[in-house]
Amino acid sequence: QASVRKSGEKNTPQCALCEVCPRSALNYASHLRAVHKSTLSAIGIYLICGCGVEVRTDNRSTKHLQCKSHQFTVHKLIKTITLPTPLTPKCIFCIIHPTTTSTYSVHLKSIHKSTLRANEIYLL
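1 is the number of the first residue of the sequence shown in full-length UniProt numbering; add one for each residue after it.
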């Protein structure tokens, strides 16, 4: 969460890079672009408007112009890693890499006469 400064009767989040407190999600994204030559994703944040819409890109902030809410919150992005090729779990008994939960289950049952539950395997 970003720091919040009281301006009049409304609390508005302070810019992550300076002392300015933009009044809306659109103004926050515009401020970053105009003053800091940056974007929401470049500084690792996203906004949630008072109406519930998530603003993660400048494009989304301009599409959200119709909202009259000046309440929004600032959140840090969680870093994710994308591997160049998708990996699937290796069978615990052999070198096979089943591609789905279903094929893993069938593989265990038909080849190894076992089950996911019997081996306490939980696939997400």
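Fair warning: there could be bad hints in the mix.
Calculated cross-link-like contacts (lysine-lysine; reagent style DSS-like; alpha-carbon spacing at most 30 Å) [stated by the list, open to error]: (1) LYS37 / LYS76; (2) LYS113 / LYS90; (3) LYS90 / LYS76.
Beta-carbon label-pair distances, calculated as ranges [stated by the list, open to error]: (4) VAL20 / ILE121: 47 to 53 Å; (5) LEU116 / LYS76: 33 to 39 Å; (6) GLU54 / THR99: 30 to 36 Å; (7) GLY50 / LEU116: 20 to 26 Å; (8) CYS18 / GLY52: 49 to 55 Å; (9) LEU116 / GLU19: 31 to 37 Å.
Hint data in this document are derived by calculation from the structure and do not stem from the laboratory. From the three backbone atoms N, C-alpha and C, an ideal C-beta is built for every residue, glycine too.
Do the hints match the structure? See the list:
Restraint check for LYS37 and LYS76: the C-alpha separation of about 19 Å stays at or below 30 Å, so the hint holds. Proposed proximity of LYS113 and LYS90 is supported: the alpha carbons are some 17 Å apart, at most 30 Å. Between LYS90 and LYS76, the direct Cα distance comes to roughly 34 Å. Violation of the 30 Å bound is thereby established for this hinted pair. Checked against the given bound of 47 to 53 Å, the beta carbons of VAL20 and ILE121, roughly 52 Å apart, stay inside it.
Between LEU116 and LYS76 the CB atoms are about 35 Å apart, so this pair conforms to the stated range of 33 to 39 Å. Distance hint check for GLU54 and THR99: the Cβ-Cβ separation is about 31 Å, which falls inside the suggested range of 30 to 36 Å. Between GLY50 and LEU116 the C-beta distance comes to about 44 Å, which lies outside the given range of 20 to 26 Å. Taking 49 to 55 Å as the suggested C-beta distance range, the pair CYS18 and GLY52 does not conform, at roughly 27 Å.
As the Cβ distance of LEU116 to GLU19 is approximately 55 Å, the hint placing it in 31 to 37 Å is violated.
Hints 3, 7, 8, 9, counting from the list given before, are not met by this structure.
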